[in-house]
Amino acid sequence: MTAAPVTGPASTPVLEVKDLSVRFRPRGRSEVHAVSGLNYSVPAGHTVAIIGESGSGKTASSRAIMGLLPRSAQASGSVLLSGTELLGLSPRALRKHRGRDVAMIFQDPARSLNPTMKIGPQIAEAVRTHTKMSRAEARERAIELFTLVRLSAPAQRYDEYPHQLSGGMRQRVMIAMALSCSPKLLIADEATTALDVTTQAQIMRLLAELQERLGMAILMISHDLGLAASYADEVVVMYAGRTVEHAPVRELFRNVRMPYTSALLGAVPRLDRAAHTPLPVIQGRPPDLSVELAGCPFAPRCPRADERCSEQRPPFAEHKQGHWYACWYPLPDGEQAAAAGAR
Amino acid sequence: MTEPLLQARGLVQEFPVRGQGGVHGGVVQALSGVSLDIVRGETLSVVGETGSGKSTLARCVMQAPPPKSGDVVFQGTSLGPLRGAALRDARRSMQMIFQDPYTSLDPLWSVARIVAEPLVAAGMRDRAKRRQRVGELLEQVGLDVSVHGRRRARELSGGQCQRVAIARALAASPALIIADEAVSSLDVLVQAQVLNLLEGLRTTLGLSYLFIAHDLALVKQVSDRVAVMYLGRLCETGPADEVYAHPRHPYTVELLDAVPRVEQAELGKRPSGDLPAAGEAASPVNPPSGCRFRTRCPRAQSRCAAETPVLAAPSGADPGHLVACHFPVTVDAPTAAASGTVAG
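Residue numbers (the numbering used here), protein chains in the order written: chain A, 1 to 343; chain B, 1001 to 1344.
Since the hints were made in silico from the structure, they are not lab data. All C-beta atoms, glycine included, are put in the ideal place defined by N, C-alpha and C. Mixed in with the good hints there might be a few duds.
Stated by the list, open to error - Chain A stretches covered by chain B per the calculated footprint, using a threshold of three residues with CB under 8 Å from any CB of chain B:
| hint | region |
| --- | --- |
| 1 | 188-199 |
| 2 | 219-225 |
| 3 | 251-264 |
| 4 | 281-288 |
Said to hold, decoys possible - Covered by chain A, according to a simulated footprint, are these stretches of chain B (three or more residues, beta-carbon under 8 Å):
| hint | region |
| --- | --- |
| 5 | 1220-1230 |
| 6 | 1238-1246 |
For reference, chain B alone in the conformation it holds in the complex (with noise of 0.2 Å):
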């Protein structure tokens, strides 16, 4: 197999909170122990909910700020001990597109020098060829420079903007494009556009992707594999169909269940009120011992507290299919994600 194009190895990260009307101080273990690979041309997704790290995770892999402990691993070198212009040259073939559209883009300027930046940043001193640049650049992400080149952010719908940040983003020419929540905050109708516009970028530039979400069902159309989080570490992870097919771990059973069935509607079914109701994510100052889901967790028992459960391949798997339990969900349990999946 060839050397993945990122390697993250035990990444840890923890920010220490101070004591505020009545909240306890401590330290929030945001990330405690995650590795992933990911190879070129591959799309990977991090799922999980508020509070799980996943975004403190695509920060960790950008060293932004970079990770207490562990490393990461990018086209060969380690991001780690650099500093300065050398991580800035290292990581220039890593660019990041965010969540809110508006927000990450800046409001006074316009959308051709917004795309420009990352050029001059990269040393295109050439004007000319910069205007050229900026051009197709906008023109791959379906955006037309002489209409939309001299706009400001607020002048632009949400997909254009965040067709902007594509656009930005590709400006450095990355191998990798880590998306965070990219199109969580857009209509359905524009965030189909954006996810086939991604897609699109996928195959004819070869990107590697690192999508971050909370919802599996986004995901589903654009990942080749999944990794779950929870309080900061992973719960499962494996290629797409199989993790969607035979979700091992309870949450993300969980996870699945919680997705609204368009098939359901076909069907003339609706949702039963059988989620727990202690559904809450425990804290990340103070993490439960053990396996960090037990706390809401339908099969844990006392061995769940006593003991971490470490990623592992359930029998049975596929190769590459890791949970992180001491019970998992077995493949032939009829689960209420894995039914829905096939009634489709």
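Excised from the complex, chain A in its bound form (with noise of 0.2 Å):
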């Protein structure tokens, strides 16, 4: 496989979001808006990181765009994997694209893997579901990618089952299924929560130049505001379904303006950080989603917020070139690294 040149923002992006809702409406109980107007696109060879808080929304939104959503949900908006609207499209054209062009990886390799048969079988199989290959070459297919997510002696683990992996190793082979059809988008949820942290690099880094040398473009949901600095190009942060702040990583980290994403990177974890020092937090939970708000979201948990932000939803708007927000009282240049040592 050639080596895919990096492509810039300006060519047709893999992935392109739009106005995206996602709306619960659980039985009995009042509708949920779990994810309002949600827009980003990502191009071939681009990662970007889908950042928020458990029920931030983050989840619900990249289901939505593999179709995965239950029925209690409905989607609006549009979903355009390489131009071909996603949203709307019936099961049986749905799973053509499923795993050929767009696949994912979950949180819990364990729960992911079917436990009564062996790995090889179960990577074969999804190679078969998407190619004509026969099982001869499919198996070929499967040990090739078991080399190439660097599962050591690929061919003798074809033949194991998922109980006699660790964690990180199971992640790989479902990297592995991932990629068997080339896709041209990686949806990561949550994909290293559950590993170690020596684990977690080591899967990252993985994804990292596999996305290189296939050139994919990577969706990256977490949590995690340290590891979307790590390997992300862009960050969109998302609170109570919507989204609060978008940047390159670089000039977020920098120039952080949302008190929210302050707040975020304000409590991750860092080795820079002296013993018994306070970190700073935020009180409070974020709100209820079945409750339409007036103003921003935040405002109840913020410390910059005054009246005109719970009457008066703040918009989201691109105040520097790729760097959009909402926030009526945004952080001045600098005040992040203020807020991260002392406060």
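If you follow the hints, you should be able to join the two separate chains into one complex; please do so.
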């Protein structure tokens, strides 16, 4: 395979999400606006990270892309995969894209693999679902993929069961399966959260290396800004179903504007923090998403908020080339460095 | 120096495994001779990856189950020979908090009942007194008995559950709290709140902590001393500042190198890919001879397979900094970890 050139944001993005909203209608309860008006795009060879706490809508938005939402949920807006609209496709039409053009890896590799089936045949099955390969060819391809994800002794591993592998090895198998049909887009939903830090670093570096070789786009879903800092090109910060800040990674970490992003950043465990110094924290919890809020959803927890914030929603706007945020009182330059150390 | 609050001496724990489905039977050497001390008011963090024996260490300290050999001396009492009521009395001042806040609380019990249980066990008969104490304990962890007291675990958030678990631990007025990955599964903002809470309780109540974690960055903010474990043995131990700034064991360097760095994004750097590909831990059923880390170690030589390194002070180290390595990293060698720490 030839190395794909690293394409800039100017070319057609692999994934384009426009005004995506997801509503849950649980029986007998009021509607929950899990995702509201989400916009972003992922060009080939790029990694975009969607960051947020539990319940921020990050997972619901990625499931909407894959068509994996439960029946009680409804997605609206537009999801374009290389120009093809995915929302509203029939399950049959969607299955053609899923696995072939877009693949997903999940948090728990143990639960994503069939425990009663050897790992090699599981990969071969995925390969044969989307291509016209013979059994022997699919076996070859599976071993090739195991080599690609640097699983030790790939030919012997073919006949092993998931329980014989460690968590990191299982996640490598999941990545091999995801890559089996050379997808244009890989969605990694908290793919390393359950792993040790050392294993996490190996998996993330493996993904970065494979991305460079195969030129795929990666959509990374995580609660960890530190991980995004290290491995993403662009960061989308979600709060209460909405994007609150969106910027290239370096710009975001240098000039954070939205107080919520700053709070997330301040709470990231860092090696350069002195012992026994309190971490900067914010109190409170994310708002109830079944109630429509008039103002900024973060206002009740925000140290900078005043009346205007709880009455009027700040527009999500591009304030500087590539740097979007929704805040009436954004942090000035260099505020974050001070906030992370002191406060 | 005053007598340490807790002394663990040569702890060994082994578990037999039966062969099944192609896996060979044998003995898991979970802990192979681990010794450590905790003085009053101090926080010791034990860091290592899955299978390093750090949770087994916590359980051995609690005598649940007791170690196969070695002894634990807590508040001047040797726990090894104790059984039954005598053991329960001796370890009442030692309480544990677990990783999963939902499964470590009884789903059918109210918060107030969960927190009151240790008080009943300690013989507090008076109901009114008990109710008052439960109120105080919940307040200490930032909960309100009138709001949260009657709720069940499923009606609480992860952070609130962990606060209840902390209140329950405090009910016995412990001197030592063992926190086994107590904040690992929480969202980052909640994690910071709970870490701050634990820090605050340490100073107000004069607690000591044994913190078990897999992430060195996570425990940086709370630790006085750090012990790094790999496959049932200690690799390195010492004052936290010293270990973070000048890691001597190659495994400690690897752990530090694996931490995602916010500082790097500020500088516009990305981590590059020279982590060893064979970075899987060896099997605790059949651990490597000599130094157990040698199969992963970039510095390993033939001596590492032949001779087991013992904990010793490397040349030029601060007092109390010990490393079990034949070829420790020297201070002036610019390791990735050390330069990263300075770059913040």
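Against the structure, the hints come out as follows:
1. 188-199: holds (count 4)
2. 219-225: holds (count 3)
3. 251-264: holds (count 5)
4. 281-288: With 4 residues closer than 8 Å to chain B, the region 281-288 of chain A meets the three-residue bar; holds.
5. 1220-1230: holds (count 5)
6. 1238-1246: holds (count 3)
Every hint, counting from the list given before, is met by this structure.
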